[in-house]
Amino acid sequence: MTMRAAPRGWKAAATHGVLIALVVVLAFPVFYALVVSTLTFQQAYVYPPRLVPGTELWPNVVEAWNRVHMGRLFWVTTIISVATAVVKIVLSLMAAYAYTHFRFRGRALLFPMTMVTQMLPLPVRILPTYELMADFHWINTYSALMFPFFASTTGILLFRQFFLTVPRDLPDAARIDGAGPIRYFLDVLVPISRTNIAALFVIEFIYMWSEYLWPLIVTNTEDMRVVQIGIKMLIATDQISPAWNVIMAGTIVAMLPPLVVLMAFRRSFAEGIAMQAQQ
Amino acid sequence: MAKVIEEEKFPGHPLLPYVLILPSVAVIVLFLVVPFLQSVQESFFASTAFGTNTVFVGLRNYERLFSSPAFRASAFATLLFAAFVMGVGLAVSLAVAQLLNQKIRGQGFYQIALIWTYALSPNVAGAIWALMFAPATGIVPFVVSWLTGGHLLNWMTNGSLALLVVSAAATWKMLGYNIVFFLAGLQNIPEELLDAARVDGAGPWRTFRDITFPMLSPTTTFLLFVNMIYAFFQVFGLIDIMTHGGPGDATNILIYKLYRDAFLYLDTGAASAESCVIFIVISLAALVQLTFATRRAVYAR
Chain A
1 MTMRAAPRGW KAAATHGVLI ALVVVLAFPV FYALVVSTLT FQQAYVYPPR LVPGTELWPN
61 VVEAWNRVHM GRLFWVTTII SVATAVVKIV LSLMAAYAYT HFRFRGRALL FPMTMVTQML
121 PLPVRILPTY ELMADFHWIN TYSALMFPFF ASTTGILLFR QFFLTVPRDL PDAARIDGAG
181 PIRYFLDVLV PISRTNIAAL FVIEFIYMWS EYLWPLIVTN TEDMRVVQIG IKMLIATDQI
241 SPAWNVIMAG TIVAMLPPLV VLMAFRRSFA EGIAMQAQQ
Chain B
1001 MAKVIEEEKF PGHPLLPYVL ILPSVAVIVL FLVVPFLQSV QESFFASTAF GTNTVFVGLR
1061 NYERLFSSPA FRASAFATLL FAAFVMGVGL AVSLAVAQLL NQKIRGQGFY QIALIWTYAL
1121 SPNVAGAIWA LMFAPATGIV PFVVSWLTGG HLLNWMTNGS LALLVVSAAA TWKMLGYNIV
1181 FFLAGLQNIP EELLDAARVD GAGPWRTFRD ITFPMLSPTT TFLLFVNMIY AFFQVFGLID
1241 IMTHGGPGDA TNILIYKLYR DAFLYLDTGA ASAESCVIFI VISLAALVQL TFATRRAVYA
1301 R
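Line order of the protein sequences matches chains A and B. Residues 1 to 279 in my numbering are what the first sequence spells out, letter by letter. Residues 1001 to 1301 in my numbering are what the second sequence spells out, letter by letter.
If you are wondering where the hints come from, they were derived from the structure by calculation, not from laboratory data. Relax, there's no trap hidden among the hints.
One side only, chain B facing chain A, incomplete, derived with CB under 7 Å:
1) P1023
2) A1127
3) G1237
Built from N, CA and C at the ideal position, the CB exists for glycine as well.
Let's have the full structure, built from the sequences with the hints guiding it.
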């Protein structure tokens, strides 16, 4: 870690001033959303706009929750976000282990191929992938929501980067102790990767929780909708004078799970970013 | 820069590496490579009037695309939008990261207080910014009208304003992530290099231009790529919630046009051609990123 010399006196105060101003500006939209979510419908339409919280937060949350069947949306979205994150972590760990610890025919070709993944985001293959889901009879299933996301360039790169920093004596010692490659992988490599695992979990959980376009395409029944579609449904229900208080209550609730995940693993996430920045 | 391990750690397991990479490769081939190749193929075909049959039309879909005013408007809007998100977003982030990269108290607090918007989805950002800019009742039109003595800000009728508002909303969401990433990159720059520059009498601006910025280029190119993917695709929900591509075609960026061509207007030929155009743009960007990433390897030696 390198940092410039500590500023003193007014200079430090000025730096803090700028940074705090930035933090406040960045937080303002969500603060405002939070205020509106506590108001009645009429209060949300007073002019000038009101910045003092009201007392209607709970009724608004209940209203939003019931209006779009948020319970079901949370269930589906939690399942696909956790499952996809876990599968991506497992597959990336395995692939990174193969690429860093073994020499095998085709490695020189396969490694770049897994990297090409990041050049093939959903939009460049959206119609055929949808047709594939239809051919599999996967429309309105968890499989359709998850499978096309299971490959993770980010994950493979992150674990590969980390595995390359592991001292070479470690696998040698394990081998001398009589451990095979799978034992070494499960008992040594995976446990010492936990920071990166947590970081990748944050990234992939948030990614999947935020996914909107793909669920919109491969689901059309109410029981397979995701949270992001719920936000859209809240807004779309009344176009002329939107019930901003209810919409914001639903929006605030919808943003909580990824925020909680980020906060719970914030240290690992920051370390993961530091690791990515070294690549 | 770590070097590639060239030695076998566990000899005598010839099949194991293949078993380990099989799931990843299977997913990539089945859900990425094959559908992409089909996209390329479909871009040379058009479906007949009732969608019962397809005929080979060569480059006709591309000709149709490039001569269509709607596509040109969409490409133009995408460029402006991406330029704003990448340009303004990264410039501001780098400036803030520089400010944070000092021995000041509360580093941990600032990192958390800045990065949390990363956890918000584009839909959430879109909903909140739609509220803030709601014509007549939102807080921003109110402040603008109060400051200018009655000027009415209505992004639902003003195309340029709409594009500016969705760009700002998209940039806002990514700002914290970019700052924290830049900060990590800055902290990787060896202190001795900066000291040496200072001893040689270089001012802060020269130090930044000749040392910090070049040393940071892998981080910058990585962030450029991430933000480009974000601006091109991940903002779909933000557009869908805030503007539906309107007013007119002002915010009808490529991903939104692609979605509507493919799934509302069922114009498979045009949609596939759009997919391929998008692929070419991303490939070029990825090539640039790769070039810079390899150049870093030379620095590191």
